[in-house]
Amino acid sequence: MIHRTSTTARIDASITRIDAWLDRLVGPLRAHRIGIDQEHGDEGHDHGEGTADILERFARQADALHEELVHDRGLRVVGFVGATGAGKTRLIERLIERTDDRVGVIVGDVAGEDDAERFRALGADVASVATGKECHLDPGLLEDALTEIDLDAIDRLYVENVGNMVCPADFPLGAQARVVVVSATEGDDVIRKHPLLFQAGDLAVINKRDVADAVNADLDRMERDLAAIAPGMDAIRTDAEHEAGIDALASAIDERVEAHSHQDADHDHTPGHDHGHD
Amino acid sequence: MHEFSIATGIVDVVREEATDHGADRVESITVAVGEASHVNPEQLETCLTVATEDTIAADATLDIETVEPYGSCSCGWAGRPETSDRALAYAPDLRCPECEARIDLEEGDGCRVMELAVPSEDADETETTP
Ligand SMILES: [Zn+2]
Chain A
1 MIHRTSTTAR IDASITRIDA WLDRLVGPLR AHRIGIDQEH GDEGHDHGEG
51 TADILERFAR QADALHEELV HDRGLRVVGF VGATGAGKTR LIERLIERTD
101 DRVGVIVGDV AGEDDAERFR ALGADVASVA TGKECHLDPG LLEDALTEID
151 LDAIDRLYVE NVGNMVCPAD FPLGAQARVV VVSATEGDDV IRKHPLLFQA
201 GDLAVINKRD VADAVNADLD RMERDLAAIA PGMDAIRTDA EHEAGIDALA
251 SAIDERVEAH SHQDADHDHT PGHDHGHD
Chain B
1 MHEFSIATGI VDVVREEATD HGADRVESIT VAVGEASHVN PEQLETCLTV
51 ATEDTIAADA TLDIETVEPY GSCSCGWAGR PETSDRALAY APDLRCPECE
101 ARIDLEEGDG CRVMELAVPS EDADETETTP
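For the record, the sequence lines run as chains A and B. All residue numbers for the first sequence refer to the UniProt record's numbering, where the first residue is 1 and numbers rise by one. All residue numbers for the second sequence refer to the UniProt record's numbering, where the first residue is 1 and numbers rise by one.
Possibly wrong hints are sitting among the right ones.
[Claimed, not checked] The calculated lysine to any residue pairs, modelled on SDA-like cross-linking and capped at a C-alpha distance of 25 Å, are: (1) A/K193 - B/E82; (2) A/K193 - B/L88; (3) A/K193 - B/T83.
Keep in mind that the hints were calculated from the coordinates and are not lab data.
Take these sequences, add in the hints, and give me the full structure.
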């Protein structure tokens, strides 16, 4: 454990003098230290003392959303993360074209309604979230956006996150499957550069496979990186523009959604370090 | 950059805990940040300084620790996973070094408030004297 300490003491000189005087009187143990109680009884290792996980609060919010959308309403919820330009929007369009399900889409977009219009043209019910300065969708933003969608009239919900490969990893959104989308044009080291996002995902898509040779991207190497960084995570190679690999992606997603449903039947939801659901 | 929303969450926790202990001032806050989270300790510190303004923790000393990942495997292995050598950025190796199965992290991927210091009741009494 590395310690970094810093002080933002804004105590004026007179208080400092009183403090010094008090220290002489009552010694250095003046302060009452409150260890925060740990919520999970992990034992047997050395950083077990007291804790309230802040990120876990977001995870709990996500679990509540998951409970409502997946269990109460029976929706299939799939999240997509990945950089701007990786092809998330095009992939979701292709998936909408192929399904008989009624689809709702939540689009997290820093700028405008462009993506939303493309989904509406395919008959989807769409709500877009202008995230403003936030670099990711969080469960609260998602919840607000959901009020704009008729949840009784859809079977499936796609959530397209903001084009960001860092922040969304820490903010689960309650989906049964989280798909991480990269493209060959981002360079074949893109997975190695963003390992934590892949570790927080369920399924990887390597899009724009058709241009891999042209941009000198070694897709095998990308898959080897993925296997080392996120063991057991499947990678689907697609070319969304020319509609290649989409069926494989659709069935991989559904497989993942099904697996999740069975898993849910076996145990209750425990919020926390279960990165199994998005 | 999502450290500000996390800082706000930390202030909520601090406020609740301090109130539970009847304290109206917080002297120090210890936060543990997992290396396998995307929380940047420096940015978190900056955001906390802002988020605590005008709260009972306005004068608190901030102590930010980083926590290495800790995981365990169904084969019985438990410990700190090595970092994955194929990753360019920091990432724990999620494979068990004993049996190669996939492991889940139990520690080191979160952000937690570990400890607060509030003035002790004795000190409060003494403080009113001078
Ligand atoms: Zn093992």
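Comparing the hints with the structure gives:
The straight-line distance between the Cα atoms of A/K193 and B/E82 is roughly 17 Å, inside the 25 Å bound, and the hint therefore holds. The straight-line distance between the Cα atoms of A/K193 and B/L88 is roughly 5 Å, inside the 25 Å bound, and the hint therefore holds. Restraint check: the Cα-Cα separation between A/K193 and B/T83 comes to about 14 Å, which is no more than 25 Å; the hinted pair holds.
Taken one by one, the earlier hints all hold for this structure without exception.
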